[in-house]
Amino acid sequence: MARKRRDFWWSVTLLAFLTVLAFLVYPLATVLVTSFTGEEKRFVLAENYSRFFSHRYYYSSVVNSLYLSALATLGALVVGTTLAFAVARYPLPGKTFLRTAANLALLSPPFIGAYSWVVLFGRMGLVNRALSTFGWSLPTIYGWRGILLVFVVQYFPFVFLLTSAALRSVDQSVEDAALSLGSPPRRTFRTAILPIIAPSLTAGALLTFMATMADFGTPMIIGEGLHTLPTLMYGEFINELGGNPAMASTLGSLLILVNTAALMAQRYYAFRKAYNVVCIQPLTVRRTPARRRLALTVFAYGVVCVALIPSTTILISSFMPTRGPVMYAGFSLQSYQTIFHVIPRAITNTFFLTALAVVLDVLLGVLVAYLLARRRSRAHALLDALIMLAYAIPGTVVGVGLIVVYNRPPIILTGTWIILLVSYFIRHLPYPVRSCTAMLQQIDIRVEEASVSLGVPPFRTFLKVTIPLMFPAILSGAALAWMTTIGELSSSILLYSGPWATMSVAIFTEVFSNHFGTASALASILIVAAFIPLFLTYRVLGERAALGM
Amino acid sequence: MGRIRGWVLGMCLVACLLAVAAGPVGAQGKPEDSVVVYSAFDAHGVNAVVAAFEKKYPGIKVSTVVAGTGEIIKRMEAEKERPLGDVVWSIGLDAIVDKKGLFEPYLTKEAGSFFPGQVPADRVWTPFTTMPYVIMYNKKLVSEAEKPKAWKDALDAKWKGKVAYADASKSGSSYILLVTWLSIYGKNDAGWKFVEDLLRQSKVLPKSSMTYQGVANGEYPIGLTFEQAAFEYLKGGAPIGLIYPSEGTAITPDGSALIRNAPHPNAAKLFLDFTVSKEMQDLMVDRFGRRSVRKDVGSPAGLPALDQIKAINYDLDYAATNRTQILKRFQDALIKTQ
Numbered sequence: 001m002a003r004k005r006r007d008f009w010w011s012v013t014l015l016a017f018l019t020v021l022a023f024l025v026y027p028l029a030t031v032l033v034t035s036f037t038g039e040e041k042r043f044v045l046a047e048n049y050s051r052f053f054s055h056r057y058y059y060s061s062v063v064n065s066l067y068l069s070a071l072a073t074l075g076a077l078v079v080g081t082t083l084a085f086a087v088a089r090y091p092l093p094g095k096t097f098l099r100t101a102a103n104l105a106l107l108s109p110p111f112i113g114a115y116s117w118v119v120l121f122g123r124m125g126l127v128n129r130a131l132s133t134f135g136w137s138l139p140t141i142y143g144w145r146g147i148l149l150v151f152v153v154q155y156f157p158f159v160f161l162l163t164s165a166a167l168r169s170v171d172q173s174v175e176d177a178a179l180s181l182g183s184p185p186r187r188t189f190r191t192a193i194l195p196i197i198a199p200s201l202t203a204g205a206l207l208t209f210m211a212t213m214a215d216f217g218t219p220m221i222i223g224e225g226l227h228t229l230p231t232l233m234y235g236e237f238i239n240e241l242g243g244n245p246a247m248a249s250t251l252g253s254l255l256i257l258v259n260t261a262a263l264m265a266q267r268y269y270a271f272r273k274a275y276n277v278v279c280i281q282p283l284t285v286r287r288t289p290a291r292r293r294l295a296l297t298v299f300a301y302g303v304v305c306v307a308l309i310p311s312t313t314i315l316i317s318s319f320m321p322t323r324g325p326v327m328y329a330g331f332s333l334q335s336y337q338t339i340f341h342v343i344p345r346a347i348t349n350t351f352f353l354t355a356l357a358v359v360l361d362v363l364l365g366v367l368v369a370y371l372l373a374r375r376r377s378r379a380h381a382l383l384d385a386l387i388m389l390a391y392a393i394p395g396t397v398v399g400v401g402l403i404v405v406y407n408r409p410p411i412i413l414t415g416t417w418i419i420l421l422v423s424y425f426i427r428h429l430p431y432p433v434r435s436c437t438a439m440l441q442q443i444d445i446r447v448e449e450a451s452v453s454l455g456v457p458p459f460r461t462f463l464k465v466t467i468p469l470m471f472p473a474i475l476s477g478a479a480l481a482w483m484t485t486i487g488e489l490s491s492s493i494l495l496y497s498g499p500w501a502t503m504s505v506a507i508f509t510e511v512f513s514n515h516f517g518t519a520s521a522l523a524s525i526l527i528v529a530a531f532i533p534l535f536l537t538y539r540v541l542g543e544r545a546a547l548g549m
Numbered sequence: 001m002g003r004i005r006g007w008v009l010g011m012c013l014v015a016c017l018l019a020v021a022a023g024p025v026g027a028q029g030k031p032e033d034s035v036v037v038y039s040a041f042d043a044h045g046v047n048a049v050v051a052a053f054e055k056k057y058p059g060i061k062v063s064t065v066v067a068g069t070g071e072i073i074k075r076m077e078a079e080k081e082r083p084l085g086d087v088v089w090s091i092g093l094d095a096i097v098d099k100k101g102l103f104e105p106y107l108t109k110e111a112g113s114f115f116p117g118q119v120p121a122d123r124v125w126t127p128f129t130t131m132p133y134v135i136m137y138n139k140k141l142v143s144e145a146e147k148p149k150a151w152k153d154a155l156d157a158k159w160k161g162k163v164a165y166a167d168a169s170k171s172g173s174s175y176i177l178l179v180t181w182l183s184i185y186g187k188n189d190a191g192w193k194f195v196e197d198l199l200r201q202s203k204v205l206p207k208s209s210m211t212y213q214g215v216a217n218g219e220y221p222i223g224l225t226f227e228q229a230a231f232e233y234l235k236g237g238a239p240i241g242l243i244y245p246s247e248g249t250a251i252t253p254d255g256s257a258l259i260r261n262a263p264h265p266n267a268a269k270l271f272l273d274f275t276v277s278k279e280m281q282d283l284m285v286d287r288f289g290r291r292s293v294r295k296d297v298g299s300p301a302g303l304p305a306l307d308q309i310k311a312i313n314y315d316l317d318y319a320a321t322n323r324t325q326i327l328k329r330f331q332d333a334l335i336k337t338q
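Listed in order, the protein sequences are those of chains G and X.
The opening position of the first sequence corresponds to residue 1 in the numbering used here, with each subsequent residue numbered one higher.
The opening position of the second sequence corresponds to residue 1 in the numbering used here, with each subsequent residue numbered one higher.
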């Protein structure tokens, strides 16, 4: 029996390693090797390093990135956890709406999302023009304050999602015990509840930090001269004029270094602070005085409204009549007619590829998460780091690597949809892995041991006991993967071919050729496409939670 | 067994049909039944031209990849061992000149109808449409009286921090502007002083599209960009105006080229010829506001004819061969002034 169990998990480990090596490590290594070989390039690389560290213009990008990401992570933690607690513990109206809407912020379709901030809050944006009639004006959206605002608003759902899932696994008895032992509520939170949700909380913070470190769309559009690592790197890598791959590699290695360090810090912390709990009765909703309830409602809806600004702007623009790049006030279905006429396949392509990638992510993700949480070893720690690498590395680099490796025998994937699937799968695998690992760290291993000792074979225990316990994390991991995959642009633009253009590619080309109407219409469909599964997810989760799962 | 034979027969039949349907056999050799086009052109323009091509050559299926010049070049370099594309169409000329090794020289049969100087000596690229570079201004923020008339007018103190210009190391059109100023004010310290002064006035943006979008939306009063982008906003009714600077300006085309070792070289040639045929060039002018490279096609309605615009002699070879040094010095100027 023991032998068989070991065989299964051993082959899962092997499969996971092979997958990551074939689709991530090998392509990346090929990219790095090709950009470092050759006398001339090596010289350029050395020159780049000295250039990088001797000019404020360059090294300030590291400082800017670290500073912005740290502040944004802090902001996302505050907003995300507060909202998670408000929704989980207080009787707020419209919780399903709040949960779903908060997550929509994560789906800021490429380019056009950040653009909507300029449309509204730019120097001549709608809001500033409206305010100027009263002689008022808002502080500028450009520069680091604007970036910080957009980052917090866009990425707090990472913290919110993971913290909410973790809160659902805290048993009411934990709190009751602390309170009955005379611990005041605040201290109960700090000493009893916070430690249990800490792995999820830090996982959310990590995702935020890494996402903000790698985000280039926002600083590019509203940075106005403020450079961050990804904007500099994107400029050097995808450059109308060929660019400087060695400089891009220099910047890329720095980015990977910072993100890997953050990852290691979180892993270290989560391992040390992992507490196991059995959740029979989830935390109850608290009775609260009306004033506090009102304040929390205002806060929650305020946050969600700000988070919905980009999506709302896009939705409204998609129904505006356009002439070339210029939009006019009014109502028209013109943009939708154009997309169904010009690019109908992009929509079915996106659904097909995203659904398949998410299913694969969840299948492998759940198994890998189990390995990482239950069978800690050096090999598994390495596997963890390698999988998270996918998250830290810009899609463009992954895309180039996949083309270079899979455009030659023995395996040729370029020109087919499989290469898109591979990229989506490998780049979004970290989501289910992270959410499930965090969850497993809270589920007491004794539950599984009890099942095994009652005579249920280990693998059956895994299926019948562990998986149902992990269900909220699986769903939220799948939801995150779905949302981020459906709008994936950076590798799609390099990997798609012929009829396999996705919606994000179509949005990019429409924005690129100044057709904001059609781009908005496509983006609106994208938003709805992400919204419906999320909404359903929360309906399901909500019921399960009520049943005491 | 019978089943297999049926399949084989079926396949033969299909192959014969395809061969018959493959259409006219050009002088260059038999065209293949498909062609893969990489283009940085507007998606709507791509669709219009592809539809017309497939109508004219029903046996050739066109598949397209639409992306920016930078992405296209990255993709081609990654695919170098086994190219998947056949032809690039309407991308930045500098990129083609810079990556000559990726392309196959070709002289289109339409070249005789082009304006003079539109075909390079090495024949590596074919022009698609051509455009002048302009100063674009927002009429709500800039009055007719104070609008700049020359490149140097942008140095006026009142435009400090209000001139939108994309980073020349990131945008092909911005690089052409940079070389334009160097050509006018000297390819020496004097010219670079002008560039530095201009950069001190400017908001240097990471993408050329942000320049014309920003001016059209009123984020910046003045932008330095190319005519066609500005013209689209003008046609759409945005409150903007175009200025052809009095010192003269560059008028250069975007380019197409055959990809070296392409899987469908003959169909690619047909496609490339088709993009510069009279009917397609007419379509570009009438529907997309582009300027034709052909002598027998007029200017878009609402734009001055090319011979009314003061042109400089834009030295493409200088721009291409000295690119690394020019961009390095530009980067230094940027570091110094930003």
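The set of hints was computed from the structure by calculation and includes no laboratory data.
Hints should not be assumed to be uniformly reliable.
Unchecked claim - Covered, in the sense of this in silico footprint (three residues per stretch, anywhere, with C-beta under 8 Å from a C-beta of chain G), are these stretches of chain X:
1) 78–89
2) 146–158
3) 236–246
What the hints assert, rightly or not - Just a sample of chain X residues kept apart from chain G, beta carbon distances all over 12 Å, derived:
4) Ser143
5) Tyr185
6) Lys187
7) Asp197
As the list claims (entries may be wrong) - Simulated coverage check for chain X against chain G, where a stretch passes if three residues somewhere in it have a Cβ under 8 Å from a Cβ of chain G:
8) 112–121
9) 165–175
10) 254–267
Please read these numbers as outputs of a predicted model, since none were measured by experiment.
The beta carbon of each residue, even a glycine, is placed where N, CA and C say it ideally should be.
Problem - Given coverage of the segment 165–175 of chain X by chain G, checked by CB-CB distance under 8 Å (3 or more) - result: That given contact holds, which follows from 6 residues of the segment 165–175 of chain X lying within Cβ reach (below 8 Å) of chain G.
Problem - Three-residue Cβ test at 8 Å for the coverage of the segment 146–158 of chain X by chain G - result: Not satisfied, violated; 0 residues make the cut.
Handout entry: Given as non-interface: Lys187/X, which should sit over 12 Å from chain G by C-beta
Key = holds (18 Å)
Practice task
Report holds or violated for chain G covering the segment 78–89 of chain X, Cβ cut-off 8 Å, minimum 3 residues.
Solution key: holds (count 5)
Practice task
Take the segment 112–121 of chain X, compare each residue's beta carbon with every beta carbon of chain G, and decide whether three or more fall closer than 8 Å.
Solution key: Our answer is that it is violated, as 0 residues pass the Cβ test (under 8 Å) against chain G, missing three.
Exercise for the section: Against chain G, does Ser143/X hold up as non-interface, every C-beta pair farther apart than 12 Å? Expected result: The assertion about Ser143/X holds, with a minimum of 16 Å to chain G.
Problem - Beyond 12 Å from every chain G Cβ - status for Tyr185/X - result: The assertion about Tyr185/X holds, with a minimum of 22 Å to chain G.
Practice task
Grab the minimum beta-carbon distance between Asp197/X and chain G and tell me whether it stays above 12 Å.
Solution key: Holds, because the least Cβ-Cβ distance between Asp197/X and chain G comes to about 17 Å, which exceeds 12 Å.
Practice task
Given that the segment 236–246 of chain X was listed as covered by chain G, double-check it with a C-beta distance under 8 Å for 3 or more residues.
Solution key: holds (count 3)
Handout entry: chain G over the segment 254–267 of chain X, status - at least 3 residues with CB closer than 8 Å
Key = violated (count 0)
Hints 2, 8, 10 from the list above are not met by this structure, while the remaining hints are.
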